[in-house]
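Trainee: These protein sequence lines are chains D and S, in that order.
Residue numbers for the first sequence follow the numbering used here, so the first one is 1422 and each next one is one higher.
Residue numbers for the second sequence follow the numbering used here, so the first one is 15 and each next one is one higher.
Derived by calculation from the structure, the hints in this document are not laboratory data.
Just so you know, even glycine gets a beta-carbon here, dropped at the ideal spot from N, CA and C.
Among the hints, erroneous ones may be present.
[As the list claims (entries may be wrong)] To spell it out: a stretch of chain S is covered by chain D in this simulated footprint if at least three of its residues, at any positions, have a beta carbon under 8 Å from a beta carbon of chain D; those stretches are: (1) 30-43; (2) 56-70; (3) 94-106.
[What the hints assert, rightly or not] Quick list of simulated restraints, FRET-style, between CB atoms: (4) D:N1491 - S:E51: 43 to 51 Å; (5) D:A1451 - S:D16: 22 to 30 Å; (6) D:R1546 - S:A48: 28 to 36 Å.
[Said to hold, decoys possible] Quick partial rundown of chain D residues pointing at chain S, CB under 8 Å, derived from the structure: (7) L1440; (8) A1451; (9) E1453; (10) A1454; (11) A1456; (12) V1460; (13) D1463; (14) A1478; (15) H1480; (16) Q1481; (17) F1504; (18) D1505; (19) A1508; (20) V1526; (21) H1529; (22) S1533.
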Amino acid sequence: MIEITIVNQGSELARVAGLLDRLGAEHHLAPEALADMQVALDEVLTNITNYAYTDKAEHQIRIRFELLDNVLEAVIEDDGAPFDPLAITAPDVSTPLRERRVGGVGIHFVRSLMDEVAYDRTGERNRLVLRKRLKA
Amino acid sequence: MDLREEKVGGVTVVEVKGRIDSTTAPALGERLTASLEAPKVRVLLDLSRLEYISSAGFRILLLAAKRADATGSRLVLCGISGKVRQLFDLGGFLDLFTIVGSRDEGIAAAG
Chain D
1422 MIEITIVNQG
1432 SELARVAGLL
1442 DRLGAEHHLA
1452 PEALADMQVA
1462 LDEVLTNITN
1472 YAYTDKAEHQ
1482 IRIRFELLDN
1492 VLEAVIEDDG
1502 APFDPLAITA
1512 PDVSTPLRER
1522 RVGGVGIHFV
1532 RSLMDEVAYD
1542 RTGERNRLVL
1552 RKRLKA
Chain S
15 MDLREEKVGG
25 VTVVEVKGRI
35 DSTTAPALGE
45 RLTASLEAPK
55 VRVLLDLSRL
65 EYISSAGFRI
75 LLLAAKRADA
85 TGSRLVLCGI
95 SGKVRQLFDL
105 GGFLDLFTIV
115 GSRDEGIAAA
125 G
């Protein structure tokens, strides 16, 4: 188990990606699975830093990685506004270029790339669990 | 992410190596904005050495494509395979860009 706490600024996200890279290198994780987790984390953390907070204060976001039996798990906890990524409907990916909005695609990536996504809200905290199988 | 730019004939080739995520996307955006600044230019984005791209990167690519459309320029993408192709496909982006296989094809298509 390895844990990192960041504040709600976009510039912090590189630290999380770096930690996940190191975890992947240490445990020889498949690059494909690692890339999927990197993309999912980028989407989730970008959402939190951009949209979870309406005040200007600094908030802490905690990310915990765990290697379970054949599964890479990331647990993301924040004290932002309630947000259940599983409750969002999939974007219309057939919209023409000029009307296209990228919003929604990020969450779509998370749900498609991960094998399991679980959300719960406990007290004032969002808790999102991402799980990626390491072998087929 | 590393960006390498070269001119091949009248085509500006931008090669992206590494990853395009929310951290690196702004630098790519700046580069593409600069490459597409003049009207009627031809830009080839070589993604063969790209590891992955998140929605922050697709936002930048869509903006660049819109800009190219608006200024009579041509933006062509090449070298999209494996994980990167899967992400383009998942997001429904394959039809939104002019995509060719190799760099040579891209230079021909852009030129």
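Trainee: Are the hints correct? Go through all of them and say.
Mentor: Hint check:
1. 30-43: holds (count 4)
2. 56-70: Coverage by chain D holds here, the residue count being 6 at a Cβ distance below 8 Å.
3. 94-106: holds (count 5)
4. D:N1491 - S:E51: 43 to 51 Å: Given a distance of about 49 Å, which is inside 43 to 51 Å, the answer is holds.
5. D:A1451 - S:D16: 22 to 30 Å: holds (23 Å)
6. D:R1546 - S:A48: 28 to 36 Å: violated (43 Å)
7. L1440: violated (13 Å)
8. A1451: violated (11 Å)
9. E1453: Where the cut-off is 8 Å and the nearest Cβ of chain S is about 6 Å from E1453 of chain D, the hint holds.
10. A1454: violated (10 Å)
11. A1456: With a closest approach of 4 Å, the A1456 of chain D hint holds.
12. V1460: holds (5 Å)
13. D1463: holds (4 Å)
14. A1478: violated (21 Å)
15. H1480: Not OK, violated: H1480 of chain D not within 8 Å of chain S, min 17 Å.
16. Q1481: violated (19 Å)
17. F1504: Status violated, d = 16 Å.
18. D1505: For D1505 of chain D, the interface hint is violated, since the closest Cβ of chain S sits about 18 Å away, which is over 8 Å.
19. A1508: At about 18 Å, which exceeds the 8 Å cut-off, the nearest Cβ of chain S leaves the hint on A1508 of chain D violated.
20. V1526: Hint holds; V1526 of chain D Cβ to chain S Cβ min 5 Å, cut 8 Å.
21. H1529: holds (7 Å)
22. S1533: holds (5 Å)
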